[in-house]
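Position chain Y against the provided structure of chain A, taking the given hints into account.
Letter by letter, the chains look like this.
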Amino acid sequence: MPADGGIGAPNKRREDIRFLTGKGNYTDDMNKRGQAYVAFARSQVAHGTLKGVDTSAAEAMPGVVRVFTGADFAEVGGIPCGWQITDKHGEVMQEPAHPVLAQGKVRHVGDPYAAVVAETLDQARDAAEAIEADIDELPAVVDMKAALLEGAPKVHDDLTSNLCYDWGFVEENKAAVDEAFAKAAHVTTLDLVNNRLVANPMEPRVAIGDYDSSAGDSTLYTTSQNPHVIRLLMGAFVLGIPEHKLRVVAPDVGGGFGSKIFHYAEEAFCTFAAKAINRPVKWTSTRSEAFITDCHGRDHVTTIQLALDAENNFTALRTDTHANMGAYLSTFAPSVPTWLHGTLMAGNYKTPLIYVNVKAVFTNTVPVDAYRGAGRPEATYQLERVISKAAMELGVDQIALRRQNFITEFPYATPVAVEYDTGDYVATMDKLEQIADLSGFEARLKASKAKGKLRGLGVNCYIEACGIAPSNLVGQLGARAGLYESATVRVNATGGLVVMTGSHSHGQGHETAFPQVVASMIGIDPSMVEIVHGDTANTPMGMGTYGSRSLAVGGSAMVKATEKIIAKAKKIAAHLMEAADSDIELKDGQFSVAGTDKSVAWGDVTLAAYVPHNYPLEEIEPGLEETAFYDPANFTYPSGAYACEVEIDPETGKVTIEAFAAADDFGNIVNPMIVDGQVHGGIGQGIGQALLEGAVYDEDGQLLNGSFMDYAMPRADDVPFYTVDHSCQTPCTHNPLGVKGCGEAGAIGSPPAVVNAVVDALRRNGSDITHIDMPLTPSRVWSAMQS
Amino acid sequence: MYEFDIKAPSKLGKVVRKLKKDEDAVVLGGGQTLIPTLKQRLAAPSQLISLAKIDKLKGISSDNGVVTIGASTVHADVAADGAIPALSALAGGIGDPSVRNRGTIGGSLANNDPSACYPAGALGLGATIVTTDRKIAADDYFRGLFETALEGAEIITAIEFPVPDKAAYVKFDQPASRFALVGVFVSRTGSDVRVAVTGASESGVFRWAEAEAALAANFAPEALEGMTPSGDMIGDIHGSPEYRAHLVGVMARRAVAAC
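These protein sequence lines are chains A and Y, in that order. Throughout the first sequence, residue numbering follows the working numbering, covering 1 to 787 in sequence. Throughout the second sequence, residue numbering follows the working numbering, covering 788 to 1046 in sequence.
What the hints contain is simulated information worked out from the structure, not anything from laboratory work. Just so you know, not all the hints are guaranteed correct.
As the list claims (entries may be wrong) - Residues on chain A that point at chain Y, a partial pick, calculated with CB under 10 Å:
hint, residue
1, Asp-122
2, Thr-652
3, Ala-712
4, Met-713
5, Pro-778
6, Gln-786
Said to hold, decoys possible - Chain A residues, not near chain Y, derived (Cβ > 10 Å throughout):
hint, residue
7, Asp-28
8, Arg-33
9, Arg-66
10, Asp-126
11, Ala-130
12, Pro-153
13, His-186
14, Val-396
15, Gly-482
16, Ala-567
17, Leu-576
18, Thr-627
19, Asn-634
20, Asp-773
Glycine included, every Cβ here is placed at the ideal spot set by N, Cα and C.
Excised from the complex, chain A in its bound form:
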């Protein structure tokens, strides 16, 4: 075994040394010679006609290099959308233009209509405040259902309405679903809101545009989860720069949670402006700006109905969701409430008939797009809440009701178009009951009562589809990109390796986990493997990091590239040992000839590849470097069962999480410590959604909680010590590592557990409450208790 462990070893994260000692290299740490600074002038109203922008005062201010308005971008493209949805009538979605700087109208608070480039940041900000915009304020649409009413103000005048699409899935099943409801012995209906969230990564967004006039090359340094995607979208669709003249670099990235997947106007602006003034141009988002420009997440309003027969078998499910798109279509926004949501509505259950309707709606709010889980938390939340409500209505045990309806045979083709390859939902529920000590709940309930507190238990399951995705499949579903991943493995003469990957870490620990994979295959120490990522100039085209895909898809590309390396290295070894290729075995970094004591070390072979004095040059080329692209055959399907115990202070309505247990099945595990951390973080984020977070707009489209003074992020003392277990492992059958992905599970599985627990606590106290919308703030819980 390697000294510090390969696959399965809880290696400490090597990148943390620089992150925790202030030595990370984030985009804002970069400064280019001659750099100028950008400040944007942003709309303070949610909706208005932009009649004119007077920049004369700003242009005369000290240090101002140039002022840009929408007119400067008339000749370039708008910010593109990467996914086209076809609605239930076979029509493609309504897709509005999204100019880099607003033209004609402003559509949300924060929409930029001008930008100042100046010598210093303060000069840029001063001048941006001196820009006078002539805006005729228009009535804003904020509520999705109101936005669809006849005569509602239109966010985009050139569209027929505020409806982006009306999606039905599976449309052919609709009649059968309705019939099953008509025959049902019991129907449970639940109305709920999946609250709008602000991602708030620790590092705000930053963009630096740089232009080399001698070569005509543009470079964008940006806080991105996927630099190649930004290069493709911005180069091809916005600025018209071919990829060989455009480099996108995302250095260390301080969290993203989805919000740094998308191509933003500020990136295109800085790249464009750098060329226009022939100087580097830097923009750093303030926290206040982040609240009104980073894409928000979730924001679904749903009615879900579950039909059951007389034996409590689920017979049909139908859901009706309004999904907020905000004012413009962000990069992947249309896919989130459709393919990433509707396809997960079967959950862990063998419901035979499912129909999902989603109306995506434009409003005068910040665009909404993928946020940790992206569609899957919305599916899980409504499904797991309606099952708990059904159990309450029927007076049956909620765990028993779930167990009765579990899918137990795999592969399993759901009625919503996906096929689960593996899983064992009975095993994760058994594990949960054990690690959460559910049999001890009654005693804990008594102890809480003795303190004057209400105690409740919430239990639920989840499934997610990770490792997005087979390119041919997503192409049929409307994706305008492939979703493979790539890796180049470069072996150096002295045996060390550099792995260049299209995946990009924004905190996941890739620099630690990926070397474990490659080193394990060769049998060397992971410290001999270095990961290079985040720069389109030195990594192969990749699709980036989101959707818990980096190990399942990116790791698989590394495996394929490393297999090519090993195959070639075996040929070299065979030559050195004068044996047949097929007799060569590789173990613990030693090549040996089967059945003999002949062996050569990994380093002898790598040296021979680069110093080919004794080398089969007529058969193979010198050098040891291979690239592979991996396109998955299916999604992966991590699953699990979660339990949450809460206490409620009946006098104030304050909820505290007393215990939280998670039994996950992630398939094979490469680094269990990193997996624990991902689950901890995900649950923390889910608790944040359930108890604390939620962007609130007033009817004029003003964000009422646009700072940490009013937007409640979870803090360390809001979350408990978690009990996390991932010993239930049903390996993925179609990727070479058998891994499924773990990055989003916690955020998907935890909100229903918390809400189920709170409702349970109130009902045990005699309330007939069936639901409270998130976030379950003290005020909301207290109000619910009064009614």
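Just chain Y, lined up with the frame of chain A:
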């Protein structure tokens, strides 16, 4: 931030003279409210006159049943003092360690944020606000949201707190900022009972007279059972006026129980 000058005189008289000369100048105490305000470009003072170098404004002394706290004393020092345990506990619950090591009692009282804790402490203990010009009873000092009895160039130099027989402060955190959504300070000195409420009212910190009367008759949580204050309570995304009024009753009972 907009540009400004910053001065740090070592004599209080010089601070006052500078303020009198320049009406756009602002006093800088611990800066825990002012600096974030400046960073967000929500204020544009011509100059900041820092109190940092005026040593006589710092420190805590006790004499004859009165604890005197210099206006520049930081929350962490009040928290560590313990001469009036309820006041120390209040100070120890403000913000986070970095706020408590910079923010000052004088700055908090001069700002009179309707959700701040110190106004409840000063009013609930019947403190006296000592300024460069005069002494002001706490009952006369607080004049509504961010409004006080302070005149133009008048600076708080110290606060005198009579030591109570019993006192306690209980607050319910606003979930995001962790300022007081509602905070109640209760004290009893002889037969005199004070109940001061912060965070709740549209008029800022106030004394809850009905509760004081009830507690004067029977100093026990049960005396407040079912009582909520009248008057306009704040309603926002964190709680309705009804919820705040209810919390005032709950926190008051808990404060009495903690006395």
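message: So, against the hints stated earlier in the document, which numbers end up violated here?
response: 10
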